[in-house]
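In this note's numbering, the protein residues as written are 5 to 238.
Please note that the accuracy of each hint is not assured.
Here are the simulated lysine-lysine pairs, DSS-like style, with alpha carbons at most 27 Å apart [said to hold, decoys possible]:
#1 K230 / K95
#2 K213 / K230
#3 K168 / K95
The following label-pair restraints were derived from C-beta to C-beta distances [claimed, not checked]:
#4 F121 / Y189: 27 to 33 Å
#5 S235 / W165: 42 to 48 Å
#6 F121 / P172: 46 to 52 Å
#7 Y181 / G110: 15 to 21 Å
#8 R106 / N45: 47 to 53 Å
#9 K230 / E67: 53 to 59 Å
#10 W165 / K230: 23 to 29 Å
#11 S218 / S11: 16 to 22 Å
#12 Y203 / Y181: 33 to 39 Å
#13 S82 / S222: 32 to 38 Å
Simulated from the structure, these hints should not be mistaken for laboratory data.
C-beta: ideal position from N, C-alpha, C; glycine also.
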Amino acid sequence: MKNPVKSVDAYYVFSGALRLFHWVMVPAIVVLFLTGLYIGNPFFIGTQGIEATFAVTNILSMESMRYNHFVTAYLLTSSLILRVYGWIINKGDRLLPRFWTRHFWGSFVDTTLHYLFLRPQHRPYLRNSLARTAYLAVYIMILLEIITGFAMYSMIDPNSWAAKVFGPVNFLFVNEYVVHLIHHYTAWLIVLFVIVHLYMASRADWMEKGGEISGIISGVKFYEEKPEDLSDIQ
Numbered sequence: 005m006k007n008p009v010k011s012v013d014a015y016y017v018f019s020g021a022l023r024l025f026h027w028v029m030v031p032a033i034v035v036l037f038l039t040g041l042y043i044g045n046p047f048f049i050g051t052q053g054i055e056a057t058f059a060v061t062n063i064l065s066m067e068s069m070r071y072n073h074f075v076t077a078y079l080l081t082s083s084l085i086l087r088v089y090g091w092i093i094n095k096g097d098r099l100l101p102r103f104w105t106r107h108f109w110g111s112f113v114d115t116t117l118h119y120l121f122l123r124p125q126h127r128p129y130l131r132n133s134l135a136r137t138a139y140l141a142v143y144i145m146i147l148l149e150i151i152t153g154f155a156m157y158s159m160i161d162p163n164s165w166a167a168k169v170f171g172p173v174n175f176l177f178v179n180e181y182v183v184h185l186i187h188h189y190t191a192w193l194i195v196l197f198v199i200v201h202l203y204m205a206s207r208a209d210w211m212e213k214g215g216e217i218s219g220i221i222s223g224v225k226f227y228e229e230k231p232e233d234l235s236d237i238q
């Protein structure tokens with residue numbers, strides 16, 4: 005006897021603005037990380053005939069890397085406008101942690117036990133508390149990268165308006181070297197998030213069949229049961 009086909013309901017969660025921001029952010033993070041590694045240590049890729057300091061016409065020159073890093077930084081910063089716009093127009097883009105609610109902590113424990121293999125499955129959520137907390141953390145890290153990045157970049161011309169706006173950050177964190185360290189290690193934390201995010205999204209898509217990966221393209225996720233946090237988008 006064949007198993008009955010279970011019905012699923014589709015829920016529009018991610019706005020077009022958020023999805024566009026996501027797909028701008030993905031290549032931007034890759035470019036910023038690789039060019040940032042080069043700027044911090046030009047010879048991390050080796051010294052196979054590449055004169056990083058003097059080969060200004062080479063695609064692997066410091067000049068080219070700095071240019072690509074700065075242009076991509078402006079692109080990522082500009083794309084945040086899309087994220088803010090999505091937050092305004094679509095409730096699904098506002099699925100951030102609500103630490104002050106009992107539901108948040110119930111979801112947090114529920115999903116944690118599931119991911120520790122102590123519970124066969126967790127209850128259905130549009131976005132569980134662990135994911136909400138992780139996304140908030142990565143937004144904070146991206147914002148920190150932008151602020152510290154412009155703080156260092158503005159020192160190219162200490163008399164510019166950018167230096168007047170971002171320059172005080174260097175004093176807030178003691179000096180420019182400390183700002184550099186914060187910028188550097190925050191980038192590694194973002195890479196760590198990306199690795200975990202790719203695993204968790206693929207795992208959820210495969211095990212829960214909710215369209216976790218396709219959802220960031222279509223904006224729609226699928227559920228056999230009513231999500232417990234459905235009221236967050238209604």
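Each hint tested on the structure:
{"no.": "1", "hint": "K230 / K95", "in the structure": "holds, 17 Å"}
{"no.": "2", "hint": "K213 / K230", "in the structure": "holds, 14 Å"}
{"no.": "3", "hint": "K168 / K95", "in the structure": "violated, 36 Å"}
{"no.": "4", "hint": "F121 / Y189: 27 to 33 Å", "in the structure": "holds, 31 Å"}
{"no.": "5", "hint": "S235 / W165: 42 to 48 Å", "in the structure": "holds, 45 Å"}
{"no.": "6", "hint": "F121 / P172: 46 to 52 Å", "in the structure": "holds, 48 Å"}
{"no.": "7", "hint": "Y181 / G110: 15 to 21 Å", "in the structure": "violated, 44 Å"}
{"no.": "8", "hint": "R106 / N45: 47 to 53 Å", "in the structure": "holds, 48 Å"}
{"no.": "9", "hint": "K230 / E67: 53 to 59 Å", "in the structure": "holds, 56 Å"}
{"no.": "10", "hint": "W165 / K230: 23 to 29 Å", "in the structure": "violated, 52 Å"}
{"no.": "11", "hint": "S218 / S11: 16 to 22 Å", "in the structure": "holds, 19 Å"}
{"no.": "12", "hint": "Y203 / Y181: 33 to 39 Å", "in the structure": "holds, 34 Å"}
{"no.": "13", "hint": "S82 / S222: 32 to 38 Å", "in the structure": "violated, 24 Å"}
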